[in-house]
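**Student:** Residue-level listing of the chains:
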Amino acid sequence: MFKILTLLLFFFINFSYAEDIEITNWFNQESKEFLEIMNNADVEKHQNYEKYKVFVETNFALKSIAYGLLNEKIIEKNDKETLLRYEKTFKAYLTKTIYNLANTSTSGEIILRDIDVKDGVYIINSDISDRTSSVSLYWKVAKIKDSYKILDIIVENTSYFVTKKSEFTKILRKSRGSLDFLIKELEKI
Amino acid sequence: MKNLFKVLLLQILLFISYVSFANSDEIPIESSVSYDEIYDPLEPINRAILDFNFFIDDIAIRPVIKTYKFIAPDPVEKGVSNFFSNLKEPIRVISFVFQGEFMKSINSVGRFSINTLTSLGTFDLASRIGMTENETDIGLTLAKSGVSSGPYIVVPIIGPSNFRDLSGNVVEFFVDPISNNIPNRSYVSIGSGLNSRAELDEEVDQIREVSTDKYEMIKSIYYQNRNSQIEEDFVQNLPTPKIYIE
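One line per chain: the protein sequences are A and B, in this order.
Mapping the first sequence onto this note's numbering, position 167 (from 1) lands on 167, and the numbers just tick up by one.
Mapping the second sequence onto this note's numbering, position 117 (from 1) lands on 117, and the numbers just tick up by one.
Excised from the complex, chain B in its bound form (with noise of 0.2 Å):
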């Protein structure tokens, strides 16, 4: 009985302790990690450059997209997807290998293996039959290595990026088994682009309609997810407000 006493007592004295730093003006709770300025030195360029961009989506990309979002249904949008998804997958192979992650390397042999025998890529097959789609490239294998992603740089009429996933890029366009093998190149590489456009069109709308410096946030969007496929926990890790009593 007297244990029992103890323990209500001690219960009752947390319950106190907890109503009254729940009814402080402030409760400063904050993010274990701070969320690091992003390195950008050319900025005003990068300014000109993204400019540039929205004035090229506006008069030529953007109606491409909208009629083919209009007219193309669902299931199609979708096959197109898969199949430049599929084109991509040599290169995370070739990407896994080098951040020893060897089963993800043989899941994407095995993924390109099935999704080009039976729909040419259209068709995610081997997603169906617990072959999921793991995402990385050599951009990110630079960074698991350590690379630091340098400044941050807005590539004409592809986007944003930055030194490293730019570097990243070159090497893929010159280890590419696929792209280097297929004819007109060229032709693949504009309608991976439009696709990739495509997949984003919402996010861009967005973008023009609720944001007040765009170039911010789309520099901040980038390097969100850049991040969340390097880190673990990145969503744990995000900086969280201060809690104000409302």
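One chain only, chain A, in its complex shape (with noise of 0.2 Å):
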């Protein structure tokens, strides 16, 4: 019985331990890829959103931050060609956003402070920072099919997904629940 138990616990180690390996060798790759994007000033503005758009697409759970930001009901009663239309836009607005957000920061290098694990989300904690200032920076990740996609960033406290839920629930509230409107408003951004 205590070898099996033994065994198990080795087992499980190993397993953490490789988890670990993994996520943290993705992180560095992934924020060196980020940071080459947001810090490459020599190409043209619209050459660098595409850099942006490709990032957003391979490293963000794009479906699932995009249905979380919506109403269970909201998600059900509407057709599959409105779901998609409104899962395209969001990809755009995200990338905009994130282009955004990048754009007007200038950064020098982001820095691993520890990984958390909740219900199976991985909370990344970093700092970014350049010469004089450093911004806290914590990254929610999940595996999904065998790659990782952030969930969610939460700068200096601030998280993308809640405040964007807080703003798309008011359109949704202020147009009864309409997903074309709130579609609308995002194409306007």
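Hint data in this document are derived by calculation from the structure and do not stem from the laboratory.
Glycine included, C-beta positions come from ideal geometry on N, C-alpha and C.
Just so you know, not all the hints are guaranteed correct.
[What the hints assert, rightly or not] Calculated cross-link-like contacts (lysine to any residue; reagent style SDA-like; alpha-carbon spacing at most 25 Å):
id, chain 1, residue 1, chain 2, residue 2
1, A, K174, B, D51
2, A, K91, A, R176
3, A, K88, B, E209
4, A, K96, B, E199
5, B, K242, A, N103
6, A, K63, A, R176
7, A, K63, A, N39
8, A, K73, B, D40
9, B, K242, A, S129
10, A, K170, B, F54
11, B, K78, B, Q99
[Claimed, not checked] In silico contact screen, one side only, chain B against chain A (beta carbon under 7 Å); selected entries:
id, residue
12, D74
13, E209
14, E216
15, S228
With the hints as a guide, bring the two chains together.
**Tutor:** What follows is the structure in structure tokens.
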């Protein structure tokens, strides 16, 4: 019995350790890429925007964030076509917000502080800093289909997901739950 | 050998259950804490005041801030920011005493003494020697005593607040030993306000550019920031979206 427990413990520790290394490597690689796009002032604006677009497509859990921002009833009452249109519009909107967020900041490096796990979601604590200041940056990441995807970014205690949820809920309430109206509002940005 | 076989079998079973779970269409991961709706009975009035604030910001405050940020080198901006932050240390000392955080209160006394004596507060030497800044105020003291936030309020010129934090600001106005003992108090207040606005300049630009509803965005940001100062494990308790297979 003791041997079994020891072996189980050994497997569990090995599994956790491997996962820790895997997510740390993923984070280091993706944050490096993000910084490269962010600090690349040599290319044309639209070229940089395309790079952000690819970064967002590759690393963000777009569907989870997009649907997470809606009420379940709204997802149920809309047809597939409208939902797909919403997903597409949301993707463009998210890219634009990330592009704006990154373009107004200058950054030297992203330092990984620690990684916590809650309910299957990794909470990565990091700092993004230049020579004069440092900003706290948390990433909520989940492993979806063998790749890590960002569910939320929390900059200086402000969650992207929570903030957008408040905004979207308000728009949907104002329009009596019209997803078309929300799509139009997002397209305006 | 038999035991090892059992362990391997167990591992395989665990692996299979993990894979079948991961391949289901939706994984129900929800936050343990739901984000409460913000009490906002004064919304129509608040929205009007926010529009007024943005109007004043456009015509008067923003141009001043943009010019200041353009002219002033980063070390000067940092020095000004440190100066106004240092003036808040006495209020932090009082707040920490009422919160029962005596060590933090002593830390604030030390920070104020060191920074004032060495550079009138413009250089944060105290942080360099390990006495890092701890944010607090009377509003947070009331929150930690169990006082609820009350309705959300947008204050003309000043910006977002709530009944509890605004009450805290009024108390601070009367008990602040620094502000009450310096000449031209109003100039210091204006300077402090402008400095706060300058510190948030990029965020305000963000709100202007990418917000679908400025009012809701500002309200949400305000509450998240305040809650992060009140709650432990704030980030861990924030809601997370359900996971859909991409």
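**Student:** All the hints need checking, so say for each whether the structure fits it.
**Tutor:** Now for the hints, and whether the structure bears them out:
A distance of roughly 18 Å separates the Cα atoms of A:K174 and B:D51; the hinted pair therefore holds under the 25 Å criterion. Our distance criterion of 25 Å between C-alpha atoms is met by A:K91 and A:R176, whose separation comes to about 23 Å. A hinted pair counts as satisfied when its Cα atoms are at most 25 Å apart, and A:K88 with B:E209 qualifies at roughly 20 Å. With a CA separation close to 23 Å, the supplied pair A:K96 and B:E199 stays within the 25 Å bound.
Distance restraint check for B:K242 and A:N103: the Cα-Cα separation of roughly 29 Å exceeds the 25 Å cut-off, and the hinted pair is therefore not satisfied. With a C-alpha separation of about 23 Å, the suggested pairing of A:K63 with A:R176 holds against the 25 Å cut-off. Taken as a hint, the A:K63 and A:N39 pair is broken in the structure, with Cα atoms around 28 Å apart against an allowance of 25 Å. Taken as a hint, the A:K73 and B:D40 pair is honoured in the structure, with Cα atoms around 24 Å apart against an allowance of 25 Å.
For the given pair, B:K242 sits about 31 Å from A:S129 by alpha-carbon distance, which is inconsistent with the 25 Å threshold. Our distance criterion of 25 Å between C-alpha atoms is met by A:K170 and B:F54, whose separation comes to about 20 Å. Annotation: proposed proximity of B:K78 to B:Q99 is violated, straight-line Cα distance about 29 Å (limit 25 Å). Residue-level restraint check for B:D74 holds (minimum Cβ-Cβ distance to chain A is 5 Å; threshold 7 Å).
Hint on B:E209 holds. Least Cβ distance to chain A is approximately 5 Å, under the 7 Å limit. Below 7 Å, beta-carbon pairs count as interface contacts, and B:E216 has one with chain A at about 5 Å; its hint therefore holds. Annotation: B:S228 was flagged as interfacial toward chain A, and the flag holds, the nearest CB pair being 4 Å apart, inside 7 Å.
In the structure shown, a violation is registered for the earlier hints numbered 5, 7, 9, 11, in ascending order.
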